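A.B. asks: Chain U is fixed; fit chain G onto it per the hints.
Which chain is which? The protein sequence lines are U and G, in order.
Numbered per the working numbering, the first sequence finishes at 308, counting up by one with no gaps.
Numbered per the working numbering, the second sequence finishes at 308, counting up by one with no gaps.
Hints were generated in silico from the structure; no laboratory data involved.
Check before you lean on any hint, since a few could be wrong.
Intra- or inter-copy, both count: the list cannot distinguish identical chains.
Straight-line alpha carbon distances no greater than 25 Å define the calculated DMTMM-like cross-link-like pairs of lysine to aspartate or glutamate that follow [what the hints assert, rightly or not]: (1) K85 with D186; (2) K6 with E271; (3) K53 with D265; (4) K2 with E88; (5) K6 with E88; (6) K2 with E225; (7) K2 with D186.
From a predicted model like this one, the values you see are computed outputs, not experimental measurements.
There are 2 protein chains.
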Amino acid sequence: MKLPLKVNLVEVGPRDGFQAVSGFIPTTEKEKIVRGLHNSGLSRLEITSVVSKRAVPQLSDARSIIQVGNQLDTCLTQVLVPNVKYAERAIDFGAKKLVFVLSASPSHNYRNVRLSIKDSLTELREVLSLHPSNASLRVNIATALDCPFEGMTPSSNVTNLIEKILTMSSDIELAICDTTGRCTPDKVAQLFSHLISVFDDQDWVFHAHDTFGTGVANCLAAWHEGIDTFDCSVAGLGGCPFAPGSSGNVATEDLVWLFEAMSVDTGVQMERLLEVANQVERIPTALTGGRVRHALNNQQNQTRLGVS
Amino acid sequence: MKLPLKVNLVEVGPRDGFQAVSGFIPTTEKEKIVRGLHNSGLSRLEITSVVSKRAVPQLSDARSIIQVGNQLDTCLTQVLVPNVKYAERAIDFGAKKLVFVLSASPSHNYRNVRLSIKDSLTELREVLSLHPSNASLRVNIATALDCPFEGMTPSSNVTNLIEKILTMSSDIELAICDTTGRCTPDKVAQLFSHLISVFDDQDWVFHAHDTFGTGVANCLAAWHEGIDTFDCSVAGLGGCPFAPGSSGNVATEDLVWLFEAMSVDTGVQMERLLEVANQVERIPTALTGGRVRHALNNQQNQTRLGVS
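This is chain U alone, in the form it adopts within the complex (with noise of 0.2 Å):
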């Protein structure tokens, strides 16, 4: 298999980062963030989630961000929501893509959503009708390797839920995620090998939480697999803020790191990248991870200091 040589980073600290901050980040700092992020190179960002402003006020001004990315040249603006009637109201802002999001264990789909799946499956078929041309549609199965309810996923969980989907919709990218971060390298190469079996000329995203210190090595087995578009969070931010040791999604600069080191274009400056990085650590209550950041700061301040 041809290993891709250039990879598509989906920022999500916007959306996934941004709603574990236990206090809300005032619009004109998220707005400098969105724009650092789209100006190191990344253009494709979760910029906000369009949901019930009671259970997130985190990203109750979900309006004025979408139409801060919408000014950005070349920014698609993706948004979640969790049913046809947030997905209206997404459209309403502006929302280029849509990520609706449902789960592959019914335990989590119902305490995430509190929908079964098979309601859910309904949301999402009038989501696609109410759909218009321009905004595309991606699907998030969530738990698809792992449960934090019922444990491992089995793959035919994951395929059922997707034959489904992909009856409703042929033109439909789906995220595989890794929800829990408990998913090793291994399970995550045999599901995406299965998966691309089962389904030709599929659109596939992997997102990955560094939860147990295996994003990166997560994200490079979906690589091997021929994946090549990865969710990410700015500095890794994520987690939550009353559950300590929680963790963001796998570090934007370090699967920048990572790929460019190996060669595989990602599109995104570092330095402008580092930038952004140290600004969202410095949001309080940020819970952050990675540690490509530390290592640049180091090297930095080793410059600055005129050590070698």
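C.D. replies: Only chain G this time, still in chain U's reference frame:
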């Protein structure tokens, strides 16, 4: 190739980690950590270094610590030495395994041990000549992949050096060290694949640093080439207190978690290891790394609080 279903983890925290802590850790505390590590199932400990007390005052209690290790059942006390003078002393102190270090790049060798590679090889020959039957020898090839002064190390440097070493004795374990942590999994795989094809029946170790977040992925790449022995440091202890962001070896907990989750036996009991890792994290000025410790502490806190 048959992948190893059992791996040997060499705990280097008491040497590579403790020497990076700026203050002196009281011998009694070191002893407690060493006992804890051994009790968790880590029977091979790079327990200290016998070196100039002026250069590395942190390890000036080498004799006592080696004695502590030797009192523990099945503990292989491994001790790093820079030259024949200290090798003699380490044997006198009771070291069961000596680690002699030299670099694949001339500039690093000179800065590290103040010798040319040729002179280091002469030292090694002398170490071998005084070598008693009850202590075995390992050679660490520092900068085997990348050098802070010379960049990527040509693999011919490494093979030439190894040829010279193995003409002295074929009974030497060789550790390939990613000293800078800048190496990526593809290069780790390439080098090991090459070395294994050139040097038949040789015992290898991989010594990874997690500075750029590739520690786990690099170990996995080596494992895929058949490597079954890995250096690691409890709590990822290491780095340099004067260089924020510098990083230690890949965290022992991260490797234990990874391998056990892949049904590869490490012989380590995670709960016991976690206790020691938490103790190590509390050492003043300790720079720690790794993710698994945080994730497992968090799980324990949640269980304690009744959160599911």
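A.B. asks: A separate judgement is required for each hint: does it hold in the structure or not?
C.D. replies: Tested hints:
1. K85 with D186: Result: close neither inside a copy nor across copies, 38 Å intra and 46 Å inter.
2. K6 with E271: Within. Shortest intra-copy distance 19 Å satisfies the 25 Å Cα cut-off; inter-copy 41 Å does not.
3. K53 with D265: For K53 and D265, the Cα distance exceeds 25 Å both inside one copy (38 Å) and across copies (47 Å).
4. K2 with E88: Classified as neither: same-chain Cα gap 39 Å, cross-chain 53 Å, threshold 25 Å.
5. K6 with E88: neither (33 Å within a copy, 53 Å between copies)
6. K2 with E225: both (9 Å within a copy, 20 Å between copies)
7. K2 with D186: Classified as both; 19 Å inside a copy, 15 Å across copies.
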